[in-house]
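Note that the protein sequences, when read in sequence, are chains A and B.
The working numbering puts the first sequence at residues 1 to 114.
The working numbering puts the second sequence at residues 1001 to 1144.
Take the hints with a grain of salt, since some may be wrong.
[Said to hold, decoys possible] Restricting the straight-line Cα-Cα distance to at most 30 Å, the calculated cross-link-like pairs of lysine-lysine (DSSO-like) are:
#1 1066(B) to 1123(B)
#2 1064(B) to 1123(B)
#3 88(A) to 1123(B)
#4 44(A) to 95(A)
#5 1123(B) to 95(A)
#6 1067(B) to 1126(B)
#7 1123(B) to 1067(B)
#8 85(A) to 1123(B)
#9 4(A) to 44(A)
Since the hints were made in silico from the structure, they are not lab data.
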Amino acid sequence: MSVKLNTRQVGDVTVIDVSGRITLGEGSSALRDALRELTAKGNKKILLNLSEVSYIDSSGIGELVSGFTSVANLGGTLKLLGLTKRVKDLLQITKLYTVFDVHEEEAHAIRSFA
Amino acid sequence: MDSAEQALIDQEYSSTLESVDQAEASILEAAGQAGFDEDEQHRIGMALRECMVNAVVHGNRYNKNKKVHVRVLRSSERFTIQITDQGEGFEIQEVPDPLDETNLLRHSGRGLFLMGAFMDDVKVRKVQPSGTEVTLVRNVGPRD
């Protein structure tokens, strides 16, 4: 299963629900394109819901990092929601877990943007 | 090859991302047959994927005339994956440490590190006339 992305608005926060695999190729490029489109439109509060992401490779991690820095460079914030154990482990061993603001509950994540 | 080692996979792949998926599927099956549980299969599969991507993208640079050779050997003590590309090779000493604070937010450069994190041993050597052979070893039995 490749990646699927669905974008929705909750107040002034844009939530991207991601499901499937974020790997080099279609998966990572779809995420990159979605984040570029949102930042081009001026969206500065982005919540990436990864609760349905079954797999992420180093290319996918690279897209998360690039998205994080791109949004930050525009004065915005990209946060993560609902990491599976495997994705959480991956961010921990790459020392990126503390770089991102990670949330387990959507309502809590949305409030944190205020 | 150790006389007690059994070859589970000996396959040449073209330099495409589809080959990465095919090799990953084969390795997951082989790791399952070797008795690794689901989490261990995931780690081995991920190490293989990172290595295959390096071989296809950075080694062979998607060149359709170049192949990636994958061998998987199993003994009572080890599960060994050898991946050989036909690229120009690289100096392992020149690969930046992705955990260094100055590199944490780099887009790429985590593949080799992840191979080491998920396997018990990683060896890289140049092969003649050109190419790189990466050997990934996972010991059979619980990890330390």
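Hint check results:
1. 1066(B) to 1123(B): Holds, at roughly 22 Å.
2. 1064(B) to 1123(B): Given that 30 Å is the threshold and the Cα spacing comes to 26 Å, the pair holds.
3. 88(A) to 1123(B): Cα-Cα ~27 Å, so holds.
4. 44(A) to 95(A): Holds, because 24 Å separates the two Cα atoms, which is no more than 30 Å.
5. 1123(B) to 95(A): holds (23 Å)
6. 1067(B) to 1126(B): holds (15 Å)
7. 1123(B) to 1067(B): holds (20 Å)
8. 85(A) to 1123(B): Status holds; Cα separation ~28 Å.
9. 4(A) to 44(A): OK: residue 4(A) and residue 44(A) at ~22 Å, within 30 Å.
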